[in-house]
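Protein sequences appear in the order of chains A and B.
The working numbering numbers the first residue of the first sequence as 600 and each following residue consecutively.
The working numbering numbers the first residue of the second sequence as 3 and each following residue consecutively.
Rather than coming from a laboratory, the hints here were simulated on the basis of the structure.
Keep in mind that the hints are not guaranteed to be accurate.
[Said to hold, decoys possible] The calculated lysine-lysine pairs, modelled on BS3-like cross-linking and capped at a C-alpha distance of 27 Å, are:
| id | chain 1 | residue 1 | chain 2 | residue 2 |
| --- | --- | --- | --- | --- |
| 1 | A | LYS915 | A | LYS1029 |
| 2 | B | LYS35 | B | LYS104 |
| 3 | A | LYS1035 | A | LYS1023 |
| 4 | B | LYS131 | B | LYS55 |
| 5 | A | LYS1038 | A | LYS1023 |
| 6 | B | LYS131 | B | LYS39 |
| 7 | A | LYS970 | A | LYS1029 |
| 8 | A | LYS681 | B | LYS131 |
| 9 | A | LYS970 | A | LYS915 |
| 10 | A | LYS813 | A | LYS824 |
| 11 | A | LYS1056 | A | LYS963 |
| 12 | B | LYS104 | A | LYS744 |
| 13 | A | LYS744 | A | LYS681 |
| 14 | A | LYS762 | A | LYS824 |
| 15 | A | LYS1035 | A | LYS970 |
| 16 | A | LYS1056 | A | LYS724 |
| 17 | B | LYS39 | A | LYS681 |
| 18 | A | LYS1029 | A | LYS724 |
| 19 | B | LYS131 | A | LYS824 |
| 20 | B | LYS55 | B | LYS35 |
| 21 | A | LYS1029 | A | LYS991 |
| 22 | B | LYS131 | B | LYS41 |
| 23 | B | LYS36 | B | LYS104 |
| 24 | B | LYS55 | A | LYS744 |
| 25 | B | LYS41 | A | LYS813 |
| 26 | A | LYS744 | B | LYS41 |
| 27 | A | LYS744 | B | LYS39 |
| 28 | A | LYS824 | B | LYS55 |
| 29 | B | LYS55 | A | LYS816 |
[What the hints assert, rightly or not] Computed from the model, here is a short list of chain A residues facing chain B with C-beta under 7 Å:
| id | residue |
| --- | --- |
| 30 | LEU670 |
| 31 | THR679 |
| 32 | GLN746 |
| 33 | PRO761 |
| 34 | TYR770 |
| 35 | PRO826 |
| 36 | GLN827 |
| 37 | THR830 |
| 38 | VAL831 |
| 39 | LEU868 |
| 40 | SER927 |
Just so we're clear, the structure is a prediction, and the values are computed from it rather than from any experiment.
In this text, a Cβ means the ideal position worked out from N, Cα and C, and glycines have one as well.
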Amino acid sequence: MPTDLTDILHDVTVLHRFVEFMDDYCRGQERSQTYADSSGAFFSYVRSLSAGIREELPRQIELATRFPSRLPILRSRMLTLKRYLRLLHALVKPAADAHVLTIPAPLINLASDQLMTVEAMRGSKIVVLLASELMYFQWPHTEIKIQARFVQDFIPSAVFPPKLGFIELPYSQGPSFFTNLAIYHEIGHFVYEELSTSVPANPGFSRLRSRIYKSLKRALPARTKDPQALTVALRIIENWTQEIFCDLFAIRLVGPAFSLSFIEMLGMLGFLSRSSSIRFNPTHPAPAFRLAEHVRMLRDDSWWDAIVDINPNQKKILEQLAKLPSSSYRFYIDEGRQGLQSLVTIFLDVVTPAIRSLVREVTKNAACSAKQFTRDREIIERCLLAGVVPHKPNSVPLNPVSIINASFFFYLTSISQLIANFEKDGEHTKVDVHSKWTKRVEMWTMKAIDERFRKVKVATHGPPTK
Amino acid sequence: MTPIDLQDRAQYLSLALFAQQIVSVLMEFVDEKKSAKLKSALEGALNSLQRAKDPTALSKSKATAFGSYEQLRTLEEVWSDQDRARAVRMIRAVLRAPDSPKSREIADDLIALFSELQNQALWNFEQPKPVSPRVMQRLCQLT
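Turn these sequences into a full structure, and let the hints guide you.
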């Protein structure tokens, strides 16, 4: 056998064993754990791709035998397919780790339900991934979908599930609740990616893109107008656009609780000092600007009035940073070099107003209600202070966004009072006691949301059958 | 947040797959005399090369590549301006007369060009590079 043919046979065999393993792994995980439907759809894709590749590989050997001059090209083809599998491989394990016992299922169920009320996102599915990094991510799926379409030319039976997105949570935070509100921002990335690349094009996103392109061309100096510099400038503006879109999307769906959890996370990452908070970088707008947009949206949606009498430290930080003048914002392209300030100017003056309108348009049926929160808040707080799962005496389900917000504010302002109700004097200063009662508040909150979810499900579909 | 490193690598992989699709269609055309997917694949390549000149041009055409920095940079690494112009001419020639025997010769040259692009994209996938200092300098405030 010619050496080159031996080489490709080796490549093909390695690939065959690799996809066989991925197939077995997905099958084994699904047998031993319970997953959300979305993860099942992803595993099915991986398995059908594996089966399709195994079927196709003998044809590659046949081509190599018939057209030996094409051997280098056929080997590149195998290599390209392996790289695609490598990216999928990076998703399979974290998806397999995220079975129903390791993720905040009530919150994920609620967020998925809310996502269905975003008109253009009906039928979409979120695959949860558990990550080793202490950070929340939305795994960009646009490129995966583009790649999957190319791969489908080669393996026609492998069809990537439509409207499938990937949200990554740190594995340590899987069972907690309040910090996981960050997933609403990540779902915003999913929505943005999905709608900004939809076919036919979504009119709102087309308008936004057109506005970005036109303003960039007008505002940039001639030296930046070579294609490479333009793509980088464009990506910077698009990164900022997505971040603001996602923040506002999250606030529209879940209210001020998102802003509070965001402040907690910025504090943990060390981005709350004045100097850090005014810095735009190539991937993110300045935290102070983001918070100013939070406050603006909360005011416009009447949330600010609804929480006027609740003043945890996080809200004060939010107000202080939001008040910093926009003239103090600076753009740094890296640690030491200041980037073109005109990019910030375009973004603030031209792009951000368009993002605000777009978010309102996208979430017009999904927005949460500050009025409902005002009505529900007292009873939720009373339940939590009494150490019981928030509920109404008449068994009408409480609004889930009211539960989240009232519980979050309770967690930030009233844990000591709760401890005083149940523990001996002096216990309220002990860290382990605080930690225990915080965990309980989170559990009651999740339980209340889960109860509501089940009640609504029973009301819609009838009681579960045996 | 988005994992930036992965996003950048994914751009190279998409380009490799794009180039592979063109190569596969051209190979079918040259070696197996099949041309069912030829027109749509080559038109996609033409649109993408057009977009490479101005990534911010709003177009209704289906450009599937060269909209990102990583893909443009890879293109510039492997094809000169003359190569690009030659590729466009060759694609147009094949599209104009797919049944001509000359078109198969031209298609063979195109296979070589797009294979180079695919291999460079695969290389960059393995060795992703930061944005070039030249480009970064252009986006800096002049002092």
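For each hint, the structure was consulted:
Between LYS915/A and LYS1029/A, the direct Cα distance comes to roughly 25 Å. Compliance with the 27 Å bound is thereby established for this hinted pair. A threshold of 27 Å between alpha carbons decides the hint, and for LYS35/B with LYS104/B the separation of about 13 Å falls inside it, so the pair holds. For a cut-off of 27 Å, the pair hint linking LYS1035/A to LYS1023/A stands: about 14 Å separates their Cα positions. The hinted pair formed by LYS131/B and LYS55/B meets the criterion: a straight-line CA distance of about 22 Å does not exceed 27 Å.
Annotation: proposed proximity of LYS1038/A to LYS1023/A holds, straight-line Cα distance about 19 Å (limit 27 Å). For the suggested pair LYS131/B and LYS39/B, the alpha carbons sit about 34 Å apart, so the restraint of at most 27 Å is broken. For the hint linking LYS970/A to LYS1029/A, the alpha-carbon distance of about 36 Å lies beyond 27 Å, and the restraint is violated. Taking the CA atoms of LYS681/A and LYS131/B, the gap is about 21 Å. The hint holds against a cut of 27 Å.
A C-alpha spacing of about 22 Å is found between LYS970/A and LYS915/A, which places the hinted pair at or below 27 Å, so the restraint holds. A threshold of 27 Å between alpha carbons decides the hint, and for LYS813/A with LYS824/A the separation of about 13 Å falls inside it, so the pair holds. At roughly 23 Å between alpha-carbon atoms, LYS1056/A and LYS963/A fall within 27 Å of each other, so this suggested pair holds. Of the supplied pair hints, the one linking LYS104/B and LYS744/A is violated, its CA atoms being roughly 36 Å apart against a limit of 27 Å.
Our distance criterion of 27 Å between C-alpha atoms is met by LYS744/A and LYS681/A, whose separation comes to about 16 Å. Between LYS762/A and LYS824/A the CA atoms are separated by roughly 35 Å; this puts the pair beyond 27 Å, and the hint is violated. For the proposed pair LYS1035/A and LYS970/A, the alpha carbon gap of about 32 Å is over 27 Å, so the pair is violated. Restraint check for LYS1056/A and LYS724/A: satisfied, since their Cα atoms lie roughly 18 Å apart, inside the 27 Å limit.
Of the pairs offered as hints, the one joining LYS39/B and LYS681/A holds, with about 24 Å between alpha carbons and a cut-off of 27 Å not exceeded. For the hint pairing LYS1029/A with LYS724/A, the CA-to-CA distance comes to about 42 Å; that exceeds 27 Å, so the pair is violated. Restraint check for LYS131/B and LYS824/A: satisfied, since their Cα atoms lie roughly 21 Å apart, inside the 27 Å limit. Between LYS55/B and LYS35/B, the direct Cα distance comes to roughly 33 Å. Violation of the 27 Å bound is thereby established for this hinted pair.
Restraint check for LYS1029/A and LYS991/A: the C-alpha separation of about 32 Å exceeds 27 Å, so the hint is violated. The suggested pairing of LYS131/B with LYS41/B is violated, with an alpha-carbon distance near 34 Å, which exceeds 27 Å. This hinted pair checks out: LYS36/B and LYS104/B have alpha carbons roughly 16 Å apart, not beyond 27 Å. Simply put, LYS55/B and LYS744/A have alpha-carbon atoms about 25 Å apart, close enough for the 27 Å limit, and the pair holds.
At roughly 32 Å between alpha-carbon atoms, LYS41/B and LYS813/A are farther apart than 27 Å, so this suggested pair is violated. The suggested pairing of LYS744/A with LYS41/B holds, with an alpha-carbon distance near 23 Å, which does not exceed 27 Å. Between the alpha carbons of LYS744/A and LYS39/B the distance comes to roughly 20 Å, so the proposed pair stays at or under 27 Å and holds. The hinted pair formed by LYS824/A and LYS55/B meets the criterion: a straight-line CA distance of about 11 Å does not exceed 27 Å.
Distance check on the hinted pair: LYS55/B and LYS816/A sit about 14 Å apart at the alpha-carbon level, within 27 Å; holds. Given hint, LEU670/A at the interface with chain B, is violated; its Cβ is 12 Å from that chain's nearest Cβ, farther than 7 Å. Hint on THR679/A holds. Least Cβ distance to chain B is approximately 5 Å, under the 7 Å limit. Taken as an interface hint, GLN746/A checks out: its beta carbon lies about 5 Å from the nearest beta carbon of chain B, inside 7 Å.
At a threshold of 7 Å, the smallest CB-CB gap from PRO761/A to chain B is about 18 Å, leaving the interface hint violated. With 7 Å as the threshold, the beta carbon of TYR770/A stays out of range of chain B, its nearest partner Cβ sitting at about 16 Å, so the hint is violated. Annotation: interface hint on PRO826/A holds; nearest CB of chain B at approximately 6 Å, less than 7 Å. The restraint placing GLN827/A at the interface with chain B holds, with a minimum CB-CB distance near 5 Å, inside the 7 Å limit.
Checking THR830/A against chain B by beta carbon gives a least distance of about 4 Å; that is within 7 Å, so the hint holds. Look at VAL831/A: its Cβ gets to within about 5 Å of chain B, closer than 7 Å, so that hint holds up. The interface hint given for LEU868/A is violated, since its Cβ lies 10 Å from the closest Cβ of chain B, which is over the 7 Å cut-off. The beta carbon of SER927/A is not positioned within 7 Å of any beta carbon in chain B (closest approach about 16 Å), and the interface hint is therefore violated.
Checked against the numbered hints given earlier, this structure breaks hints 6, 7, 12, 14, 15, 18, 20, 21, 22, 25, 30, 33, 34, 39, 40; the rest are met.
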